[in-house]
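Let the sequences and hints guide you as you build the complete structure.
The listed protein sequences correspond, in order, to chains A and B.
The first sequence begins at 12 in my numbering and counts up one residue at a time.
The second sequence begins at 308 in my numbering and counts up one residue at a time.
These are calculated hints, taken from the structure and not from any lab test.
Just so you know, these numbers come straight off a predicted model, no measurement behind them.
Virtual Cβ for every residue (Gly too), placed ideally from N, Cα, C.
Be careful, since some hints might not be right.
Some, not all, of what chain B presents toward chain A, calculated at C-beta under 10 Å [stated by the list, open to error]: (1) Q313; (2) G350; (3) F397.
Residues of chain B placed beyond 12 Å of chain A at every Cβ, according to the derived structure [said to hold, decoys possible]: (4) G369; (5) K375; (6) R376; (7) S387.
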Amino acid sequence: NAGVTQTPKFQVLKTGQSMTLQCAQDMNHEYMSWYRQDPGMGLRLIHYSVGAGITDQGEVPNGYNVSRSTTEDFPLRLLSAAPSQTSVYFCASRYWGGNTGELFFGEGSRLTVL
Amino acid sequence: AQSVTQPDIHITVSEGASLELRCNYSYGATPYLFWYVQSPGQGLQLLLKYFSGDTLVQGIKGFEAEFKRSQSSFNLRKPSVHWSDAAEYFCAVGANTGNQFYFGTGTSLTVIP
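Written out as structure tokens, the structure is:
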């Protein structure tokens with residue numbers, strides 16, 4: 012089982028460049044989300060979606076854009092990268108409704124903005 | 308406000324010793340609680356979860372956790388630590404259909420041979 016797949020695993024950008032982090036899941040999960048992980052700050056929610064065509068902001072949405080055109084895919088776009096966006100990004104998904112609850116994580120994408 | 312506190316940033320234990328990682332939460336509704344483990348360069352893997360019922364839950368890799376509602380705690384324990392347990396551990400709280408999970412800042416575990 013592939014689970015949650017993120018690409019790329021590593022990326023280096025220059026300030027002002029744009030890029031998209033890809034996330035795909037094959038578990039038919041309605042809920043998908045993006046987190047960033049920074050030292051000493053745990054995981055912070057950037058954006059999430061509860062189904063195709065539905066997205067909403069999390070705790071730290073500024074500088075990021077998302078869309079959800081299919082159940083499987085939830086890309087994260089950096090429109091104009093800044094050094095403050097240097098981080099490790101995790102995509103996570105879960106069932107929406109029902110008594111399961113846990114998030115399933117991808118392996119992460121390490122982004123460096125110079 | 309919803310939050311999770313992991314008071315210990317870093318813990319060092321000897322191999323074979325017992326382990327307890329602390330987690331306290333603040334959550335307005337009935338909490339669903341989770342412990343995740345992250346090995347270096349990897350994603351987060353679920354160790355165990357508590358939804359309801361028995362307050363002592365068993366997880367993978369020999370870990371267990373106890374939910375104490377009166378103390379708003381969900382501490383993780385292991386009777387005998389192995390060198391392969393060295394990793395970062397995250398406690399999280401959420402709801403069954405809630406929009407957000409709230410993660411603690413993590414506890415880094417070092418295991419001394």
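Structure-based check of each hint:
1. The closest approach between the C-beta of Q313 (chain B) and any C-beta of chain A is roughly 8 Å, which is under the 10 Å cut-off, so the hint is satisfied.
2. The criterion of a C-beta within 10 Å of any C-beta in chain A is met by G350 (chain B), whose closest approach is roughly 4 Å, and the hint holds.
3. With a cut of 10 Å, the hint placing F397 (chain B) at the interface with chain A holds, because the nearest CB-to-CB distance is about 7 Å.
4. Every CB of chain A is more than 12 Å from the CB of G369 (chain B) (nearest about 19 Å), matching its label as outside the interface.
5. Non-interface status of K375 (chain B) relative to chain A is upheld: no Cβ of that chain comes within 12 Å, the nearest being about 20 Å off.
6. Taking the minimum C-beta to C-beta distance to chain A, about 18 Å, the non-interface status of R376 (chain B) holds against the 12 Å cut.
7. No beta-carbon of chain A comes within 12 Å of the beta-carbon of S387 (chain B); the shortest separation is about 26 Å.
Checked against the numbered hints listed earlier, the structure breaks none of them; every hint is satisfied.
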